[in-house]
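Produce the complete structure using the sequences and hints provided.
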Amino acid sequence: MSDTLVIISIYLIFLLGTLVFKSRIISGPWLFLFRSFLPNWRFYHRVGPLPQIYVRYCASQIWNEWQLIQPRAVRRYVDLFHNPDNNLALAMQNLVEHLAADLRQIDNPEHIRTLVTYRLVLRFARLAAQKRCPDSTIQQYQFQLRMAPPFGVATLDAVVLESAPVDY
Amino acid sequence: MLTLPQTQYALQILLGISLLIQTLEFWRLSEPRFATGVWSWQIQKDDLGHASPWLRHYFTMIYGDRLWRLHLVLRLGLILSALLLGFNLLNVGLLFMGTLYLLIRWRGAFNGGSDFMTIVVLTGLVVVQLAQIWVDPAVAWTAGLWYITIHTISSYFLSGAVKLFYDGWRDGRAIIAFLDGAIYGPLAADSVMRKPVVAVMCSWAFILWECSFPMVLLGADWAVVWCAIAVLFHFLVFWFFGLNRFFWAWCVTFPAVIYCAGQLSLVYSGAT
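From first to last, the protein sequence lines stand for chains A and B. Residue numbering for the first sequence is 1 to 168, as defined by the numbering used here. Residue numbering for the second sequence is 169 to 440, as defined by the numbering used here.
Since the hints were derived computationally from the structure, they do not count as laboratory data. Fair warning: this is a prediction, and the values are worked out from it, not measured in the lab. Do not rely on the hints blindly, as some may be mistaken.
Estimated spans, in silico, between C-beta atoms of each pair [said to hold, decoys possible]: (1) B/Leu248 <-> A/Arg104: 42 to 48 Å; (2) A/Gly48 <-> B/Ser437: 45 to 51 Å; (3) B/Arg362 <-> A/Ala164: 36 to 42 Å; (4) B/Val366 <-> A/Ser60: 45 to 51 Å; (5) A/Phe151 <-> B/Met169: 20 to 26 Å; (6) A/Phe14 <-> B/His225: 39 to 45 Å; (7) B/Leu252 <-> A/Ala73: 33 to 39 Å; (8) B/Phe333 <-> A/Arg104: 20 to 26 Å.
From the three backbone atoms N, C-alpha and C, an ideal C-beta is built for every residue, glycine too.
Written as structure tokens, this is what we have:
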């Protein structure tokens with residue numbers, strides 16, 4: 001029994017050690033794609049700056065107000081068994097967070113528009129504009145990435161990236 | 169305490185349900201415009217800009233629309249085979265590789281934590297199937313189940329510990345902020361969760377329960393209680409955050425946790 005308790009104690013001390021001692025961050029394109037092998041069990045652990053996407057579109061030569069695009073849904077019990085649309089919406093939000101992370105790491109700001117995340121978010125913005133203007137009169141659209149402060153609201157001062165207007 | 173056959177059967181059923189739910193959701197999301205919509209492979213393939221041209225060509229080929237859907241159909245067949253016939257090296261190995269195929273298409277992860285835990289369980293089962301080539305099946309299964317159990321315990325303990333070190337969780341502000349930002353949010357203005365006392369109590373309940381999850385190692389009875397609380401916890405996570413896959417992905421691991429805790433009980437009592 002004592003050997004078992006020693007092993008369990010070593011395991012728990014190791015876990016605590018991973019919280020206290022930080023190794024250098026290892027990153028890379030293949031690691032990113034295979035990150036499911038390196039589980040990060042830190043879920044909702046801290047309220048940090050929250051990347052948020054705002055979209056606006058031009059219809060009939062008039063630009064509307066910037067609109068926040070965030071995952072929102074009506075709760076249903078069946079979602080416990082089949083929830084594709086909500087999971088997709090959450091994946092879209094993850095994409096926005098990845099764009100914010102990429103912006104922090106990019107060396108040359110001129111290359112922002114070549115980022116995979118930027119281009120995917122641009123498509124996301126197009127889809128969001130389309131849903132809000134179903135009569136297909138959109139001529140152009142664009143998005144803003146804002147960083148909402150912890151426990152705060154993202155104002156125009158919080159814009160970190162704005163796309164140029166794009167033809168619909 | 170669960171016997172090994174009971175653990176295997178429970179794992180078989182729960183994993184089958186979890187994978188079935190995931191696969192049907194992926195099928196539903198593979199609409200005709202999947203290839204040209206937001207998650208266009210024409211754009212995503214540039215994630216492999218660092219790879220050789222033949223590798224990029226290979227990935228473009230395997231992520232064609234028809235092959236994608238064919239894989240999902242095959243995956244359903246593999247899941248049914250696991251549900252009806254149990255695990256073997258073929259269905260476990262193909263499910264493992266198929267999961268990787270799916271996750272790479274979604275840039276490494278579709279749903280985060282549930283993907284991680286699904287890979288953990290499948291890895292554990294691959295360990296079981298491969299180890300049986302050299303050792304007794306019971307030993308192989310014990311190794312695989314302990315792999316799953318250690319990851320499960322780690323997931324709760326680490327999740328709780330990082331919350332313990334953050335003042336936003338200790339004073340209840342974080343839980344309100346997360347609930348307001350959740351997919352089923354925001355909280356109603358008069359929600360009971362907005363009361364500071366309630367928010368603090370809920371926060372500390374989560375922190376203490378998660379941090380104490382290693383107590384399952386005290387025995388099967390403790391494991392049953394902590395896993396039962398975990399079922400409620402994950403249901404609440406679904407209820408507020410819409411994370412249905414998390415509920416099933418973690419439920420899959422509980423038979424392993426209870427079995428391993430029971431095995432430890434035998435060690436403590438000197439029975440082995």
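For each hint, the structure was consulted:
no., hint, in the structure
1, B/Leu248 <-> A/Arg104: 42 to 48 Å, "45 Å, holds"
2, A/Gly48 <-> B/Ser437: 45 to 51 Å, "47 Å, holds"
3, B/Arg362 <-> A/Ala164: 36 to 42 Å, "41 Å, holds"
4, B/Val366 <-> A/Ser60: 45 to 51 Å, "49 Å, holds"
5, A/Phe151 <-> B/Met169: 20 to 26 Å, "46 Å, violated"
6, A/Phe14 <-> B/His225: 39 to 45 Å, "43 Å, holds"
7, B/Leu252 <-> A/Ala73: 33 to 39 Å, "34 Å, holds"
8, B/Phe333 <-> A/Arg104: 20 to 26 Å, "23 Å, holds"
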